[in-house]
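Line order of the protein sequences matches chains D and H.
Under my numbering, the first residue of the first sequence carries the number 1, and numbering increases by one thereafter.
Under my numbering, the first residue of the second sequence carries the number 1, and numbering increases by one thereafter.
These are calculated hints, taken from the structure and not from any lab test.
Beta carbons are placed, not taken as given, at the ideal position from N, Cα and C, and that holds for glycine.
One or more of the hints may lead you astray.
Some chain D residues judged to face chain H by a derived CB distance under 10 Å, without partners named [said to hold, decoys possible]:
1. Leu292
2. Cys316
3. Ser385
4. Tyr589
Below 25 Å or equal to it, Euclidean Cα-Cα: the simulated DSS-like pairs (lysine-lysine) are [stated by the list, open to error]:
5. D:Lys513 with D:Lys500
6. D:Lys513 with H:Lys131
7. D:Lys507 with H:Lys131
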Amino acid sequence: MINQIGNYSLFIALFASIFLIFQSSNVIRNKSKNLDGKIFSVLSVQSLMVLISFFSLIYAFIVSDFSNETVYNNSHTTKPLFYKISGSWGNHEGSLLLWLLVLTIFLFIFFISSKKLLNKYRILTVLFQELIIIGFLLFILFTSNPFLHLFPIPKEGTGLNPILQDPALAIHPPILYLGYVGTSIIFSSALAALVCGMVNKIWAKHIKKWIVISWIFLTIGILLGSIWAYYELGWGGFWFWDPVENVSLMPWFCLTALFHTIIVLEKRNIYQSWTIILSIATFSLSMGGTFLVRSGILNSIHTFANDPSRGIFILCFLLVLVLLAIFIFFIFQKKLLKKLTKTFLVSKETAIMVNNWFMMFFLSVVLIGTIYPIFLEVINGSKISIGPPFYQKLIVPFLIPFLLFMAVGPKLKWIKDSLSKINFNQLMLFILSIAISFLLVKLYGISYLLILPLFALGFFLFFLTIKDFFSKKSTLSQKISHFGFSLFILSILFNATFAKEFSSNMKVGDERKFLNKIIKFENIKIIEKNNYKSLVANFKISDEKNIISLNPEVRIYNQPRTLTSEAAINSNIYSDNFLVFNVIKDDGYYNVRYQFKPLMMWIWFSIILISVGGILSYLKKNE
Amino acid sequence: MNKNIKFIIIILFSLFVFFIFYKGLEKPNNYFPEKNLNKIETSLVFKNLNDQKEIILEELINNNSFSIINIWASWCLPCRDEHAYLLKLRNLNKIDIIGINYKDKKSNAIEFLSDLGNPYHEVLVDLDGTKSIELGAIGVPETYLINNKIVVKKYVGPLDDIKLKEIIEIIKYEKN
Chain D
1 MINQIGNYSL
11 FIALFASIFL
21 IFQSSNVIRN
31 KSKNLDGKIF
41 SVLSVQSLMV
51 LISFFSLIYA
61 FIVSDFSNET
71 VYNNSHTTKP
81 LFYKISGSWG
91 NHEGSLLLWL
101 LVLTIFLFIF
111 FISSKKLLNK
121 YRILTVLFQE
131 LIIIGFLLFI
141 LFTSNPFLHL
151 FPIPKEGTGL
161 NPILQDPALA
171 IHPPILYLGY
181 VGTSIIFSSA
191 LAALVCGMVN
201 KIWAKHIKKW
211 IVISWIFLTI
221 GILLGSIWAY
231 YELGWGGFWF
241 WDPVENVSLM
251 PWFCLTALFH
261 TIIVLEKRNI
271 YQSWTIILSI
281 ATFSLSMGGT
291 FLVRSGILNS
301 IHTFANDPSR
311 GIFILCFLLV
321 LVLLAIFIFF
331 IFQKKLLKKL
341 TKTFLVSKET
351 AIMVNNWFMM
361 FFLSVVLIGT
371 IYPIFLEVIN
381 GSKISIGPPF
391 YQKLIVPFLI
401 PFLLFMAVGP
411 KLKWIKDSLS
421 KINFNQLMLF
431 ILSIAISFLL
441 VKLYGISYLL
451 ILPLFALGFF
461 LFFLTIKDFF
471 SKKSTLSQKI
481 SHFGFSLFIL
491 SILFNATFAK
501 EFSSNMKVGD
511 ERKFLNKIIK
521 FENIKIIEKN
531 NYKSLVANFK
541 ISDEKNIISL
551 NPEVRIYNQP
561 RTLTSEAAIN
571 SNIYSDNFLV
581 FNVIKDDGYY
591 NVRYQFKPLM
601 MWIWFSIILI
611 SVGGILSYLK
621 KNE
Chain H
1 MNKNIKFIII
11 ILFSLFVFFI
21 FYKGLEKPNN
31 YFPEKNLNKI
41 ETSLVFKNLN
51 DQKEIILEEL
61 INNNSFSIIN
71 IWASWCLPCR
81 DEHAYLLKLR
91 NLNKIDIIGI
101 NYKDKKSNAI
111 EFLSDLGNPY
121 HEVLVDLDGT
131 KSIELGAIGV
141 PETYLINNKI
151 VVKKYVGPLD
161 DIKLKEIIEI
171 IKYEKN
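Produce the complete structure using the sequences and hints provided.
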């Protein structure tokens, strides 16, 4: 019963989509008609239908209705309620339904919040957005329907992959999707604005809200994913340059560039084409990411069940959208204001352009690293695997000029400024930063050449952004975000430079010495839980001053039968102690990995600060 | 004119990217992101089962093609089931199979191989089981498909029809 409700409401949403596309193209042809009310009501029906469909899937998960194939494949009666609910979007079909839900609701919000703007622009945005929605609806209904019926009804489901049973991961996909889908609104509205010839200050002011909101969600979504990887995957790192992580990072670079460019458009009415190109690129990258993850063309921990027909569908759909965007761009490009505004070399505009170049460079590195293996394999059949060293070697050295520009850029004025006003304070701070990093390098005997300038500029940016809090020039949101970023760079540098790792096979009672610490394996006990059995070990790590007790776990899930390692992490404001162990069969030995990771908390905290800056910027514009 | 050229180039480029991805979908997806965990410790020294000669594992692993390491013991019942599949693999004659005899008596091991047939190119001895641990094993039987010192695929538990098929697929695909 619940399956049918879900299924049919999707079909109604599909009809609503067709109707809207038909109506909105009508409106554009004869401008006189005002169909605002009609479009509004159909849009509400559509959002409501998708909402009903989504809740019927959640309901099916909650009551463990195994007549539903998606529920059967991804749930189990013994699973806690929280994970039953989050399980509904922890799989391919359900996550697409969530995606669709966000698409329709965002469009609805867009429509009711843009009443002051040109009618044609709003209706065109609806048209483009409905093209995306119809694509997703067809995709869901014909290749990944979450409401397929099973008969005879199975007694028990096959369970959710245990490593996905984690609070951070339960909310990671929805948050990330809010970011991804937000970019679709930016895409549709950029195309609509281009067609209407209104790529100007007013549009910039309006769309900036959507850019900021997508950017916030994308940032927090990526953060949650990293936190999950750090706690759950037990490799002790938080970013692995795994293709699927890269896929979320690419639109982020693009969106960050857009975030800065839109300010220039808003203030100075320049960089119009570039803003449109960035808007198109951001969404194409989000969709391209979906393609890479869902088609199974890349294998990684995030890939859901592979089915080539799905991949081909998304790929064709993506091609249609990109071609549409390119056509519209080239046809309507002449409508863009061609008035020549002179820009000066030393000005805020240029500084933001420089920020964009760096973003594009980082984006290219990640893009090439992610898809080059696919290209190479298709063209000459050879396989390569691109790992973290590639990204580190290409990105890290370029952080040096990037940090320098980031220190100087935000201080410049619009239109024209001069560099001669560098004052005594700034110079002193610069010298101080160099001195600190020089001391660090000397004291710890670090041999890596780039560390010195990286630390120096990291500290310089850090000091400058702190100093900025006392000046009245820039907005509070920018101060917080930029300060957060400097903190982020510093914590990553410290973390990467001073992390220590120890690994050994130990049995109960063993002691190992590592640096100035003693690691003692105290005991191990077995705890029975509802849907898993847990081996909890107790380790004591002691140095001269204090003793830390750590309790890592190995969980043996029964449905599906899987082992997961839960790392024990002791965090304080200075460092993290990370310990994880693995079972080696029968002879009492366990493989133990201990890591000392400085300033780990600050990495998370600084990303939160960066997002807080975004949130403030969003709130301020709403007044 | 200039604008048209740009337009055509961008369209052609999009179609090219589309074509590549389309082709990419047809290929099997054994793209494995490189992780340290997958690297195998090849500097281990083993004794040979028959003549007790010392051998470094590295010498036995082919550098630019696949090898298989199989950890087994005569006392392990699943190993007995698995043995037929190893012999099938051996008969294909495409890949070297290195056996590691885990916590076993020499006489039992030799008897086991003479009863059921010897699929291994080399049988190494791991008397106390510690070397298998260093290879990352958690029990017997375990089978690693290795290429360039990297574990491409790790099978915990006995081989069966499906796993055998997969191994053959991976090897075949790589050879082409």
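How the hints compare with the structure:
1. Leu292: With a closest approach of 9 Å, the D:Leu292 hint holds.
2. Cys316: Given a least distance of 8 Å, the restraint on D:Cys316 holds.
3. Ser385: Holds. Min distance 5 Å.
4. Tyr589: Cβ of D:Tyr589 sits 7 Å from chain H, so the hint holds.
5. D:Lys513 with D:Lys500: Holds - the C-alpha atoms of D:Lys500 and D:Lys513 are around 13 Å apart, at most 25 Å.
6. D:Lys513 with H:Lys131: holds, 22 Å
7. D:Lys507 with H:Lys131: Given pair D:Lys507, H:Lys131 holds - Cα atoms ~16 Å apart, limit 25 Å.
Comparing the model with each numbered hint stated earlier shows that all of them hold.
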